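Letter by letter, the chains look like this.
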Amino acid sequence: MSESRRDTLITAATVIAILAVWYLGAALVQAGDDPLAEAKLPFPHQVIDVIFSNTGELGEASWISLRQALIGFVIGSLVGIVFSLVMAQGEWVESAIVPFLLAGQMVPMIALVPIVQNIFQNDDVTRVFISAFITFFSVTVAVVRGLKSAPPSAYELMSSYNTGRLQRLRYLEIPAAVPMLFTGLRIAAPLSLVGSVLVDLAGAQSGLGYIMLAALTAGGPTGSMLIWGAMVILIVLGFLLAQAVVLSERIVAPWQVQMRAKGA
Amino acid sequence: MNQTEGSMAEVGTPSPAEGHDHSPVAGRPAAVSVAGVTKTFGSGASAVTALDDVSFEVPQGSFVSLLGPSGCGKSTMMRLIAGLQEPTGGTITVAGGTPDEQRRARDFGIVFQQPILFDWRTVEENVALPLQIMGKPKAERQERARELLDLVGLKDFRNHRPWQLSGGMQQRVAIARALTFAPPFLLMDEPFGALDMMTRERMQTELLSIWSRNPGTTVIFITHSISEAVLLSDRIVVMSARPGRVMKVIDVDLPRPRTDETRDTKEFVDIEAEIRQLIFSQEHR
Chain A
0 MSESRRDTLI TAATVIAILA VWYLGAALVQ AGDDPLAEAK LPFPHQVIDV IFSNTGELGE
60 ASWISLRQAL IGFVIGSLVG IVFSLVMAQG EWVESAIVPF LLAGQMVPMI ALVPIVQNIF
120 QNDDVTRVFI SAFITFFSVT VAVVRGLKSA PPSAYELMSS YNTGRLQRLR YLEIPAAVPM
180 LFTGLRIAAP LSLVGSVLVD LAGAQSGLGY IMLAALTAGG PTGSMLIWGA MVILIVLGFL
240 LAQAVVLSER IVAPWQVQMR AKGA
Chain B
0 MNQTEGSMAE VGTPSPAEGH DHSPVAGRPA AVSVAGVTKT FGSGASAVTA LDDVSFEVPQ
60 GSFVSLLGPS GCGKSTMMRL IAGLQEPTGG TITVAGGTPD EQRRARDFGI VFQQPILFDW
120 RTVEENVALP LQIMGKPKAE RQERARELLD LVGLKDFRNH RPWQLSGGMQ QRVAIARALT
180 FAPPFLLMDE PFGALDMMTR ERMQTELLSI WSRNPGTTVI FITHSISEAV LLSDRIVVMS
240 ARPGRVMKVI DVDLPRPRTD ETRDTKEFVD IEAEIRQLIF SQEHR
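Chains A and B, in that order, give the protein sequences. Using numbering that gives the first Met the number 0, read the first sequence as starting at 0 and increasing by one per residue. Using numbering that gives the first Met the number 0, read the second sequence as starting at 0 and increasing by one per residue.
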């Protein structure tokens, strides 16, 4: 308990430190006689002010980006899990698939988004696809490693019970992969949101990224503050998504969390 | 104490004339026969011979230790008997069949140096794992798991997670798990090797008491500790390293039950000293 309280304090201290640096930076930028200074780096309270005076618009846009990201996250996770299970069935399957996984990860999202947009001709479907695509890689790479995380003697133990492949998966490999699965999900959750917003930025007509783009076009101090406001919302949402994964891990795999808390 | 040379003929066909009449185990039928077994890993110039012409017998219901320094192939020998690996040459007969047949028949309960307990299962669920894999109904699994946890003195810990237990307790859970399905063979690969000296000695006497309550179970125990082998075993197969060979097969006829006091008896100390001299004389040859 005291340990988790200390963690909370550390997080709070970090947030305060970042805000302090931000204030300092904004003060330095705005100290000169640059008339556009306020538009370059506004004070945090100005950004928060903008967020609260545009809650309706920002809320709606956030929900659009978030909802498609979540759908993509779920689809990408499921596909990733199924893929990993297939890959774990044999070295040759893995060797056949791994190069494509690496190649897929090398594709710059910013180049992929317009292509996908052209294919689907639909912003929502594109967002879901990109979010799923990003999630898929993080989850697949993590789960494939997790499925192989059991020590050799655990396999010998299973062999002494004369287990078949499916039983070995069920009793050993899948449960052993759960911690890595959650590690992958924790990384993928915020990234799936970034993917969704990337689609907004690439010409979608709604979402958080669309607001950023629109504010950029509008220009001026208010526009700049709106961009910053959208970014702050994005960061908070990403953080909440990661926390949601941690929370679900506590529920689904309590043994793992307790072990970490114990530091064993 | 009776001694037999490490050759098949003498160990395999004991007769009173050869001085085995005082030994309770030597007259029993062999549950495991190892005959001229070799095991080579790799091939060509990088090939490593782990076992070279190894022969010995494990009498039915006895406690046999494979004793030797690290690198003598004793763990490999256990894996060959368990049907987890195939020998390069020679034959192994287990309960009238091949090791692989007996593995498929689930004849082996194995305890490794590391307990290999699953964190996602409670202590009781870990112990019940073999029964679950064998498709036994839940009520039966629970009853049997609790029975065995009681036997190893951990019945109050059945709902704990493995990592909440000490190393000695974890290894007791592993022993309970190996015994849940009442296999005719208990194979132990340096099960107490990772434990501190005091825990280790307590576990040794505890293992003897657990074994005495599972009559008929044949135990094959891998160790590099001479005193551990002498305290536990009916028969000790002393092995030398690189390549692993049988130096001598020694029958230990210290009376049972053996307890902590056994360690202080003259007979115990004598046997221990003799084995030590045997091993060192080979090393300095």
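A couple of the hints might just be wrong.
Unchecked claim - Examples of chain A residues toward chain B, derived with CB under 8 Å:
no.: 1; residue: Asp123
no.: 2; residue: Val124
no.: 3; residue: Pro150
no.: 4; residue: Ser158
no.: 5; residue: Tyr160
no.: 6; residue: Thr216
no.: 7; residue: Trp254
Everything labelled a hint here was simulated from the structure, so no lab data went into it. Only a predicted model underlies this, so the values are computations on that prediction, with no experimental measurement involved. Glycine residues also receive a C-beta, built at the ideal position from the N, C-alpha and C atoms.
Point to revise | Interface hint for serine 158 of chain A, Cβ within 8 Å of any Cβ on chain B | key: 6 Å, holds
Review point. Once the shortest beta carbon distance from valine 124 of chain A to chain B is found, is it less than 8 Å?
Key: 37 Å, violated
Exercise for review: May I ask you to test the interface hint for tryptophan 254 of chain A with respect to chain B, counting a Cβ-Cβ separation under 8 Å as satisfied?
Suggested key: Hint holds; tryptophan 254 of chain A Cβ to chain B Cβ min 5 Å, cut 8 Å.
**Study point:** Cut-off 8 Å, beta-carbon criterion: hint that aspartate 123 of chain A touches chain B
**Key:** Since chain B brings no Cβ nearer than about 38 Å to aspartate 123 of chain A, farther than 8 Å, the hint is violated.
Check your understanding: Under the criterion of a CB-CB separation shorter than 8 Å, is proline 150 of chain A in contact with chain B as hinted?
Key -> 7 Å, holds
Exercise for review: Identify whether the interface hint at tyrosine 160 of chain A stands, where standing means a beta carbon of chain B within less than 8 Å of its own.
Suggested key: Where the cut-off is 8 Å and the nearest Cβ of chain B is about 5 Å from tyrosine 160 of chain A, the hint holds.
Point to revise | Closest C-beta approach of threonine 216 of chain A to chain B relative to 8 Å, hint status | key: 53 Å, violated
Of the hints listed earlier, those the structure fails to meet are numbers 1, 2 and 6, in rising order.
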